[in-house]
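Chemist: I would like the entire structure built from these sequences, with the hints used as guidance.
This is what each chain is made of:
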Amino acid sequence: MGYLEGFAVTLRKIGEGVTTRSYRGGKGGKSDLKAPKPERLHGRHVLNRYEDGMEKCIGCELCAGVCPANCIYVRGAENPPEDPKSPGERFGYVYQINYLRCIHCDLCVEACPTEAITESKLFEFSFTNRDDAIYTKDELLVGDDGKPQQLPWEDWREGEDEHTSGWMRATSPSGRASYEGVVGWSGELGYGIRDAELGQSASGEDDESASSSDEAHGAEGADH
Amino acid sequence: MTSVEPTEAVTGIPFVLNGTAVEANEGELLIEACERNGVHIPRFCYHNRMKPVGMCRMCLVEVDGGRGPALQPSCMLPVTPDMKVETESEPTKKAQDGVLEFLLANHPLDCPVCDKGGECPLQDNAYAFGAGETRFVEEKRHYEKPIPISDLVQLDRERCILCDRCTRFASEVADDPLIHFIDRGSQTQVNTFPDHPFSSYFSGNTVQICPVGALTATPYRFKARPWDLDAIESTAAADTSGARVVLQASQNELVRTLGVDSEAVNWSWLSDKDRFYYEATNSPDRVTEPLIRDGGELKPTRWGNAMRAAARALRIDPERVAAIGGARLTLESQYAWAKLLKGVLGTDHVDAQLGDSLPAALTLGLPRTTIAEACAPGQIIVLMGPDPKEVAPTLYIRLRHAVVEDGATLIEITPRATSLSKYATLRLQTAPGTVGQVLSALADGQLDTNVGTVQAPELERAHQLLTGDRQVSVVFGRANLAESARYSADALGGMRRLVPNAGYLPLLRRSNIHGALEMGLTPGFLPGGARNRGGLVDKWPSTPEFEGHDTDAILKAAAQGEIDTLVLLGADPLGDFPDSTLAEAAFANIKTLIAVDGLLNTSSARATIVLPAALFGEEDGTFCNLEGRLSPIRAKVTPPGLARPDWVIAADLSHAIGPELGYTTLEELRSQMRATVPALDDVDWDEIDGADDGPLFRPERNWELEFGDPAQMPPTSSYGYRLVVDHKLWDLGTMSQHSASLANLAGPAVLRLSPNDIQLLDLADRQQVTVDLGEESWELPFVADPQVAPRTAWIPARLPGFDVRELLSAGRSITNLRLRTGEVPADVE
Amino acid sequence: MLSRSASLTNGHFFNAVLAAGDPYLGDGSVDLGDVILAIAKAIIAFVVLLVAVMLMVWFERKVVSRLQNRIGPNVAGPFGILQTLADGIKLFFKEDIIPTRADRFVFQLAPYLALVPAFLTFTIIPIAGDFSDGQNGAVTIFGRETFVQVADLPVGILFFLAMSSLAVYGIMLAGWSSGSKYPLLGSVRASAQAISYEAALGLSLASVLLVAGSLSTNEIVQAQAGEGFGGIIPRWNLIVTGLIPFVVFVISGTAELNRPPFDFVEAEQELVGGFHTEYSSIRFSLFFLAEFMNTVTMSAIIVTLFLGGPAGPNFGFLPGWLWGFVWFFLKLLIFLFMFVWFRATLPRLRYDQLMDLGWKVLIPLSLAWLLLLAAIRQARNGVWEYGGSAFNSTLLALAIGTGLTVIGVGLLGLAIRSARDERLRAAGLVAVAGVSDSGLEGED
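Protein chains in written order, with the working numbering: chain Y, 1 to 224; chain U, 1 to 829; chain V, 1 to 444.
None of these hints come from the bench; they were simulated from the model. Some hints here could point you the wrong way.
To be verified - Keeping only pairs whose Cα atoms sit at most 30 angstroms apart, straight-line, the calculated DSSO-like set for lysine-lysine is:
| hint | chain 1 | residue 1 | chain 2 | residue 2 |
| --- | --- | --- | --- | --- |
| 1 | Y | 137 | U | 145 |
| 2 | Y | 34 | V | 62 |
| 3 | V | 62 | Y | 13 |
| 4 | Y | 137 | U | 223 |
Modeler: Structural data, given as structure tokens:
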């Protein structure tokens, strides 16, 4: 009868085995099968730095203004003349993100004019109290090697700190495929200027012969 | 398209706006008329409180005045009948596009780092009316940026769109033309003159009116963004003009103050003190918990302990309790403290003025006028007090506008020249001590002899002007601390006799002093300006049984050991009272000094008990300005630590003493005030909150003001220099000193002498002069000042470098200095 | 049967104490050893039941996970076996909240009313014992002969029915005393569901009793332990009563337990938590425990009534009574797995579907079957003599019975259909009055 087919279905599942992936980091001899993440996954933020080590964040509060969850608190301050933190007049003096509120929408990444705030692929960071949930600038800033800092409760794997840069914003500025292959972002500390990604236009061919205005546009974006 | 043919007198000028027939007022500019009819025309350089210049061309609209359509700047065009205006046509849009493109051509891409971002008219207009893309790919012009043009304002020349607003303001409104266009063509920039910083008392206004981020305020630099800010409308309580402001705060900290356009008072302008003294509220030196003196030091304690100690000190013979101060408080707090001191404790030794002002009876008794009436076009303004620019800068702007633009006639009767002197039709230089007799002479019609330094022809002219048929308004105050207040009082008596229907505007120091006087924080008066033993017998538990002392007498009595407990309501007698020796002597004899304040000043640092109070921006209340106009003071941030509003402290203290004051909330306090003071009966506090201009508080006086006979002029001395002491806006006052940006603006104390006198005394190559007074001598720096009259020496009080009060003594009629070079003359020795 | 042991008694004092409770006990036939044995059996049974419940919870979670392609608890202890313990400890440490509007005494009493009947039912179930070759499954402990069940009441099955009725009280009072609307709704529904299915339970049980002839569980097991059909198929009541009472009992039992697909009362999507919404900490854990205890007990009852309990062949190398336990355990495991399988497979029945099933299908079915069985029995026993032999009478009874059943079912179906038409016509009237007509074409 039709009803009993259902029982057969569930019984068959025992034979099919489990689909659970274990990723306990190899602890206890267990396998580490953390699922590979898509390249542009929205995870924990990082504050980037230019290739010469200057912070990209200029404390403009645009990210805080656009955040729909009100989770970013920024205060700008005057760059001390003898020890400027960022190129220009202003730098991010206070920068905090409250991860209890963050919804990882990345509107802040879109809003940032200097590609200072971008997101890494890490989302496995479970803190155990509210104070830990508020990441301060020291924790968000990339280290001197350009890599994001790992806090004690974060579970990083190889490769999750890659692509935490302006490259994330779009490999095709303005969403136009004709900009494909053109570098429109600045260099990162520790990584240099990342290459452009190809393959977005339908034909799959690179558009090397960008028009002069496109290049100028790209160039203007690069030397901020 | 048809013009309306009214049957009665034409009140409006009809014109056609985007195809609809509308009306404009007489003489109204097109841009204003369109705005009133619901069409917003974008603009940058036009400001409704300044004369239009048509520099930015953003307001170009297609106007057909009868000879065909043409693009015209609507801010410079008064509406003519049957004008046809198109604000949405193609040429208009093209013009708006083009103007913005030009403006943005050299405008730097600074929006993320620019303070104006988020509230920038250039951003908004570019977004709403601009093209969306730029064609400018060349290199933009570069200047060094930003440059500080004064301690408070920074200039970024790259961002400037050359709209001329700041320069017009500086020259037209503030009368400090220190900032102007230099260079030409595409290199035109706004800048100051070399070695002349933009140190105007109104520099902060240029920051508010600048349509881009070219002028930014240093205290606000990079502090917050507009979307971070939480705002409320309030009243600036830095001086007695009561300018309306918007207080903005972020993260429970006051961050900025903007001026609000109040037709009656300040026309959207603020003095820099109004604008930046909120920083004192944020000061790290705030008193956050009650302090009690224990073993020589002030130690933190709990409210209960402090209240008990204070109650013990106050529950003594009321004649031995006194209170000084109260001008810092809101109207409600003043009433509460008046009730506590006079109604519950029964003491009448309460004075909000610190002996550097005029008797309260004058302020309360003279018929008050309003700023608008005083500045009415074509009337006469008499200035018989200190320089308005130093005491109430917003009033100065109004007076100057009246005189320069509206044809008012200014008559100055002051011991030294003021900022308005150059606009005065007539200036009577009254040497210290002579002003009473001068007005007497005018009142009595004795115009043929000189009185003091005033010549007969001047008296004649003054008499002619004042007894004409024009309305006279008198702005009066204590012009000189170094002479007795008696002379000013006599002068006012004379004025009363001379012009019986004149209106008066008191120009007193300190913020809510009028509220304090009206609410009875002055000896002999009860709330509503009623005299003791006549007013509130049935509404308060009791009223004082004796006539109390004013501050002078309080300190004298204290010096003789007759006062045991002194309450300081935000006052600083040791720092502010003109006779510092007397103040010191008084403080030495007082047993318990209770200070109710938010910051420790010289006097409260010596207190026995300090009760922390909420300051500006932390409590709700009402402000009463020099016209008697009520305006709301609103809280935007919470008081730090355990600080409380003053009316709460009064209620708790009363409870600790014994009887209750009878209210627990502000609403209950206000209804008590309404019940006690008839003039407040129909005041609706919700209305005050939302109103553009508040109601006038004009209680009926149940007494008459009487003047005695004028005092004689002090004898002239052939080698004495009469001292003039008044105040400057930037001084060592508590709020200024605790505001980080304002603390260093006070200039050094320098004696100012007329160039003639300097020549006479042979002081030309020196920097210092020796001053003799009685037995003592001082070495003072001096400087030549053509504004100072001969035989007069002028030095403002409360400035760093020299405490002028060493030269002053209470009760002295005038202060006669002897000046010399400091070398002992050979023949004397 | 009960032997004396003079050394274990205190003589008169002990008898006096027992006599104070019941004169029947105090006549010297019950001594301290018996009392200690009884208490020991009770304690052991309690412990065994609790451990069984813990393991049942783990078993359920693990098996359900495997049926859903996932692992299930695997962190607390090896294979997650200590997960139940961890959950219990966690629940113990939670805050115990009693709502303001709750009736305190009843609120505190209700979990126990749900828990105790489950345990009490377990007391009548024979867990082990050697029933082969006509033995009665008794074992000897300390020289006393006793059954491997806490007590063998002569009215065991009646006791079971009584206890399951008492359990309904627990649920009903829990919901009512919570002082809040969701529990009230949940408990009302739960009690209505329970009493509806109890009728079916009782009626299908009656078929078993008819066949076994006794209310005592021990005797029912003995009745099934004999020679099977053709020596291979055992004489289980499952087969002897026909298949129908077994099916009806299982379904009614699932409904009594509030287990899926009849777990509407606990469905979070509908009623938050049903009758145990307002309970927290230990009280909630008691309800939780009670539900699983009931499951274990119900399975044990089914095994006892229909599958012969501990009865089974004795293959040597283990003592006889232990074989009984082995068979009992294996049969129990089948039913526990069955309940878990139900949970993993079947969607929830809606409340009205649930009630329909209980009243309109199961009760008529079990009643009809009971009557049929009774008729056949009478025929076989020779009360009728028709066609000359018991066999013919049986066939005749069967034919008449089947015919009557068909007629009965047909009439019932007609009645149901006409009731539905009546309902729709009433709704149709509303449509005619002006409300839109859509959705009333056809049924459901």
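Chemist: It remains to establish, for every hint, whether it holds in the given structure.
Modeler: Here's how the hints hold up against the structure:
As the CA atoms of residue 137 of chain Y and residue 145 of chain U are separated by approximately 27 angstroms, the hinted pair is consistent with the 30 angstroms bound. For the hint linking residue 34 of chain Y to residue 62 of chain V, the alpha-carbon distance of about 23 angstroms falls within 30 angstroms, and the restraint holds. Between residue 62 of chain V and residue 13 of chain Y, the direct Cα distance comes to roughly 13 angstroms. Compliance with the 30 angstroms bound is thereby established for this hinted pair. Between residue 137 of chain Y and residue 223 of chain U, the direct Cα distance comes to roughly 17 angstroms. Compliance with the 30 angstroms bound is thereby established for this hinted pair.
Going down the numbered hints, you'll see the structure goes against none, and every one checks out.
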